[in-house]
Amino acid sequence: MSKVGIVLISHSSKIAEGIYELIRQVIQDVPIELAGGTEDNEIGTSIDKIMKAIQKADQGQGVLLFYDIGSAKMNAEMAIEMTESIQAKLIESPLVEGAYMAAVESGMGKKLQDIYDSVKEEFHCENS
Amino acid sequence: MSKVGIVLISHSSKIAEGIYELIRQVIQDVPIELAGGTEDNEIGTSIDKIMKAIQKADQGQGVLLFYDIGSAKMNAEMAIEMTESIQAKLIESPLVEGAYMAAVESGMGKKLQDIYDSVKEEFHCENS
Amino acid sequence: MELTIEDTIKWMQLTNDKIQKNKEHLTALDQVIGDSDHGINMARGFQEVMKKLDAATYETVSDVMKDVAMTLMSKVGGAAGPLYGTAFLKLSMSLKDSQKVDESSFAKALEEAVQGIIMRGKANAGEKTMLDVWIPVQDYFSANNVKADELETIAKTAMEQTKELKATKGRASYFKDKSIGHIDPGSASSYYLFTSLAEVIE
Amino acid sequence: MELTIEDTIKWMQLTNDKIQKNKEHLTALDQVIGDSDHGINMARGFQEVMKKLDAATYETVSDVMKDVAMTLMSKVGGAAGPLYGTAFLKLSMSLKDSQKVDESSFAKALEEAVQGIIMRGKANAGEKTMLDVWIPVQDYFSANNVKADELETIAKTAMEQTKELKATKGRASYFKDKSIGHIDPGSASSYYLFTSLAEVIE
Ligand SMILES: Nc1ncnc2c1ncn2[C@@H]1O[C@H](COP(=O)(O)OP(=O)(O)O)[C@@H](O)[C@H]1O
Ligand SMILES: Nc1ncnc2c1ncn2[C@@H]1O[C@H](COP(=O)(O)OP(=O)(O)O)[C@@H](O)[C@H]1O
Ligand SMILES: [Mg+2]
Ligand SMILES: [Mg+2]
Ligand SMILES: [Mg+2]
Ligand SMILES: [Mg+2]
Chain A
0 MSKVGIVLIS HSSKIAEGIY ELIRQVIQDV PIELAGGTED NEIGTSIDKI MKAIQKADQG
60 QGVLLFYDIG SAKMNAEMAI EMTESIQAKL IESPLVEGAY MAAVESGMGK KLQDIYDSVK
120 EEFHCENS
Chain B
0 MSKVGIVLIS HSSKIAEGIY ELIRQVIQDV PIELAGGTED NEIGTSIDKI MKAIQKADQG
60 QGVLLFYDIG SAKMNAEMAI EMTESIQAKL IESPLVEGAY MAAVESGMGK KLQDIYDSVK
120 EEFHCENS
Chain C
0 MELTIEDTIK WMQLTNDKIQ KNKEHLTALD QVIGDSDHGI NMARGFQEVM KKLDAATYET
60 VSDVMKDVAM TLMSKVGGAA GPLYGTAFLK LSMSLKDSQK VDESSFAKAL EEAVQGIIMR
120 GKANAGEKTM LDVWIPVQDY FSANNVKADE LETIAKTAME QTKELKATKG RASYFKDKSI
180 GHIDPGSASS YYLFTSLAEV IE
Chain D
0 MELTIEDTIK WMQLTNDKIQ KNKEHLTALD QVIGDSDHGI NMARGFQEVM KKLDAATYET
60 VSDVMKDVAM TLMSKVGGAA GPLYGTAFLK LSMSLKDSQK VDESSFAKAL EEAVQGIIMR
120 GKANAGEKTM LDVWIPVQDY FSANNVKADE LETIAKTAME QTKELKATKG RASYFKDKSI
180 GHIDPGSASS YYLFTSLAEV IE
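Residue numbers (numbering that gives the first Met the number 0), protein chains in the order written: chain A, 0 to 127; chain B, 0 to 127; chain C, 0 to 201; chain D, 0 to 201.
I should point out that these hints are in silico values taken from the structure, not numbers from a laboratory. Quantities reported herein were computed from a predicted structural model and do not represent experimental measurements. No incorrect hints appear here.
In silico DSBU-like pairs for lysine-lysine, Cα to Cα no more than 30 Å straight-line: (1) C:107 <-> C:146; (2) A:110 <-> C:177; (3) C:168 <-> A:119; (4) B:110 <-> D:177; (5) B:55 <-> D:177; (6) D:22 <-> D:65; (7) D:177 <-> D:121; (8) C:107 <-> C:50; (9) C:9 <-> C:155; (10) D:65 <-> D:95; (11) D:168 <-> B:119; (12) B:55 <-> C:51.
Covered stretches of chain B, as calculated for chain A (at least 3 residues, CB under 8 Å): (13) 10–23; (14) 83–96.
Where a beta carbon is used, it is the ideal one built from N, C-alpha and C, also for glycine.
Use the sequences and the hints to build the structure in full.
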């Protein structure tokens, strides 16, 4: 059965890799794609990496995007606009904590909007 | 001038290292110590690593501890109890986002409680 | 019942044997509703406990338990580390002034251990955690003339009943309703601990 | 003023020259209230823009700007990438149907570019961002018969005035009151952009 994909956007490729490890210890069958660092793997984000990650993470059930700070959000929004054929949703939640929770829920076969709502409900954050 | 220290507790040593990179790009003079992974650098946390990190991060201004999920919190609390001579405070906030903000504030010379309050105010999270 | 220093060491030895033998089983339980490391965590922790106990000599049961506590705390990792660590630390503290550990002092110590686990993990009865074994065992110690076979049955039944519970604390809580139908790994390791105790006081 | 394809390429060329020359200055500005990468980001982005423009041939100003947009978007990184990228994309889209780019069509396009930056970054005037240069420049284009020297002065003054502002968006906002007293890096790079435009329309 196809699952909702997760895209991890971080200024640091290590952060994205670490979250991947953390999730994979628990959940194996959910597509998780990383968009950490710039094209040269410096600190920053890359629209191209995010777009590719969205495309790879989509199994037809859509993709949830998690990001760390500030400008990653803008790059994520642009990438979503440029991959309009895919149902991709950016979520404001703690990066590590939210992505972990979403992966477990996706593993249980939940739908994109339900996972989105669960994560939002769990982390009532004004900002993140 | 001595600064408030930051301890990054994560189940994954890569996550802690990545946050360190992210912060160091912006702030150089704040003590940041990592407690990522178990003693064998597997996924998990280690009380001993956390205790050592608290001790190294303290410059006399106290230490703020950030953690990722669940059981890291218990290990952090025990470590704090076991290093009672140091003013160490665990904070419930998004790990990456909160630690970044705290480091900037510590870099500006703010005191432990003020940084704690700022981060809590920024991230009105029920849970994290 | 009376628990001597030798009994206590034997208790840990038997627990270690069971945990090493059932390492994969504990891991399998943790795989369904967790991160597949409870067997690894507990096996590593108790192996270190045995190393520690073998290398030292003790004057009191309390001191044995203190070493158990410190070792579990720093070697188990995961949630089980601080929880078992706290439990044994509380046992050790409670038994500090007991010349000999009899049933009533042990029952009292067990009560404090349970309070320690609750304080540390902020869970309570019915949340599908090790407490769902510790609490019934503690109740039994408080109310009864302890018999080995009864202790064994109570611990086993309690462990099995965690199957029907929904996890609301720890890693398993992420699975919500899907956590129902599986035995809690921490309750299984706690069962090994108390069935070993039953063997010792037999 | 009229902006031809050659003018547009020249504009980018002059901008690139200034950014390469002032790479360290931009980075130094970003060091005080940011993450020290604005010079690196912009230099990398505009170098790629020049590579792209040198290798292609164009039929319209709009097409040149579209390539500028796509390149900045994917090569600059950081906040400046999507922001400059969006700005040039809006310029390109607004000028799509203009046979020749005159002052009024450019003024209109600039207005849409500013709207694009606002939409993308959710900032507004006075938040110590590149908008604090883009908005006064756009106002000047809307209201006046554009003169090169006036354009230069307006962009420069606007950039300098960001010094007094407190950042409430982007990385610099973490510094709160301490962000006051320093020129905003994105405003400095925007100044290079508009002073190059002034040279082109001279
Ligand atoms: N908050 C808590 N209170 C009591 N027991 C808990 C709590 N969280 C987890 N546990 C127990 O710990 C066990 C899991 O231990 P382990 O797998 O070693 O740790 P982790 O979940 O960190 O990987 C659970 O099965 C449960 O019995
Ligand atoms: N939300 C925003 N809206 C408008 N401009 C912004 C915003 N955030 C940042 N900027 C601009 O971007 C500049 C920083 O760019 P850069 O250093 O390349 O990105 P980053 O801050 O991600 O490292 C700032 O000086 C500011 O002018
Ligand atoms: Mg586990
Ligand atoms: Mg674990
Ligand atoms: Mg920057
Ligand atoms: Mg940057």
